[in-house]
Amino acid sequence: MLGRLLLAGLLVAAAARFFAGYPRGGARYRHLSRREVAFLNASGDATFPRGGAIPASGSDANVAGYTDRWLAASRPRIRVLLHLLFLLVEHATIFFPAPGWGGWRRFTALSPEQRIAVLDGWRCSRYFPRRLVFTSLRAVLTMAWFAHPPVMRQLRVAPLAIPTPVCEADLLYPPIGRSPDAIRFTPADLSPPSDGTPLDLDGPLHPAWAERSA
Amino acid sequence: MTVAPGEGDVRVWAQYDRDFHEEADAVVVGSGPAGAVAAYELTRSGLRVVLVEEGPPFTPGDFELDGALSMARTMREGGLRVTRGTVMPTMQAICLGGGSLVNSAICVRAPDFVLDRWSEEFQLRETTRADLDPHYDAVAGFLGIAPTPENVQGRRNLLFRRGCEKLGYAAEPIQRNVRGCRGSGECFTGCRSRAKQSMDLSYLPAAVRGGARVLSSARVERVLVDGRRAVGVSGRIVAPFSGRGGPRFRVSAPRVVLAAGCMATPVLLHKSGNLANGSGQVGENLQFHPGVAVMGVFDERVDPAFGATQGYQSLEFLREGFKLETLWAPPAVLAVRMPGSGARLKDRLAWIPNSAVWDAIGSCNRSLGRVRARRGTSDPQLVWHLHPDDVPILAQALFTLCEIFFAAGAHTVVPGVHGFPDEIHSLEGAEVLRGGELRASHLVLGGNHAFCSTRMHGDPARGVVDEHGRSHDLRGLWIVDTGIFPQCPSVNPMWTAMALAHRAAPAIAAGA
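Line by line, the protein sequences are chains A and B.
For the first sequence, the numbering used here gives the first residue as -9, with consecutive numbering after it.
For the second sequence, the numbering used here gives the first residue as 13, with consecutive numbering after it.
If you're looking for bench data, these hints aren't it; they were derived computationally from the structure.
For glycine and all other residues, C-beta sits at the position ideal for the given N, C-alpha and C.
Wrong hints could be hidden among the right ones.
Stated by the list, open to error - Derived contacts from chain B toward chain A, CB cut-off under 8 Å, selection only: (1) V22; (2) P69; (3) A80; (4) V220; (5) G222; (6) L330; (7) G333; (8) P343; (9) A344; (10) I364; (11) N366.
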């Protein structure tokens, strides 16, 4: 009887840890659950806190939205691995707790200081597999943060608007997924090749990275 | 349905609506640098050629400028392929043009000492400097291979030259298959200026003009044999990106030329019934050029986004086992290596406008691995181990990069090595890198270039093909990708692979 009660208690505790207390509402994503969105925002803000030379935080940069787009572009096997990665770091505090009170709680339930300490624990671990997990998560968060146009503009690394000459190959290949009927160029459209004029970093940006006018 | 080859064309995913069979004089598997050269040269010699490529052609509108999304579209396994053993990311493109669409167009001839070693140790009597130079020249003429012009080098590349000059190290502008570079630094996500002469813009249109038929989105699953002779290939049409299966196809040809890449060709041979493997060498001897990268921070503005992706190199240390070069990539990809987290990390990322990244690739001939087929997928299983005796090569390369940075005026160097200082502020501080404490697991490696998994050897018992790419075991079968290199070439392999394919073409044409 006692054993059953203990088991039931453990199951309730596990269910609470895995499912209870995550924020409701907010944007809906194709591949990410709200628990994963909370984890990505928490780990994104721990990695890229608001303020400093480049003000945007992880959640300001919508790391969850980018990650969802990346998952959509990835093969199913990669998607599964990434879901497992998020789950692992969220709950591995049972085995690698944060310093301070309640350090064994899931990652998203920790204080901001504890989250940073947990990530540093992964980053500086003497065990290569733990560092590899950190590197993988950091890669996802970094890619997502850098996809935020203001970050790229502030670092002067945003793509420029570059005119693309029409060459012979453009008469052969349709856009991916379309039939050759979608090829919109004819020999009359061929243009002179690039003349090698260096780009001007102060020139106009690619529209996707340009600052929106008010 | 049987389709008789006629005028050249390119077929894409949307055009396949049923199973089909084609006949040709030669079928080439893979449209990367070696396959494209082979297809063009065979077409030029009057053969009916079908070239089969698993990836789709990319138009400029299909390019993704974001690094991760670009890799998810242009790379096998979404760009997340890693080796087992020594864990190291390595990439293989899946697109028309292969790696040439997303590489930085570096062209370097294999050095004399490498060719001498290949010739002597692997019984390759006709693979000398004098034998190969005419083929290098022919490829160079076609692609316009030339040194990177000064006006598109950018500060990031010129600082490397400054550092090398101060130290007395040889340095030179990198030769590339580029015409009219504007210095966008976007080689890895596709050249929007159409300046890079990737295979989809150069050799393949020329081959199509000559009558070659290109089947894109077509995954070859088997090499077909009749007795001891290769007679064609079969496979399945696959949707771009998702890999969803479509109709089946077969191409019958008396000449089968495999150029699927060092990691895919052995898998194809294994899955075809362990073909061409009398030597037992198919999938063995896998080598890479493991790479390390270092970031340096300067007082002056560098603006690293401008300039040829990789515009300068030093071949000074080739005999010591490493090559040095400048580097640019989507900033997020480079920033992944930046140490720290939180505010400290953001402070370091704010250095980017004043920073440059340079890298080294190692000639690690003792570090070997293997390629195996995996069940239920065409992706390979890669096992590779960095040999402990090769670690000091990379340690010395890291130190030398730091040395060049400080000579060029950097005030801080970020070596990106676990267990060592996150930042180094003096050359004396960099000595720790070559102090003997460095282990393979401390390094963040990148698996640049892959070789040797179907190596050429004059002795049929010790190699898969002869020095013209001809299978020792199976008539009608040639391999021309970098898998046939007997050892790593110590420099970027594309030009050598193309030169070898150029040399093999007449033998293939004559050898049905």
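(message) Of the numbered hints stated earlier in the document, which are not met by this structure?
(response) 5, 6, 7, 11
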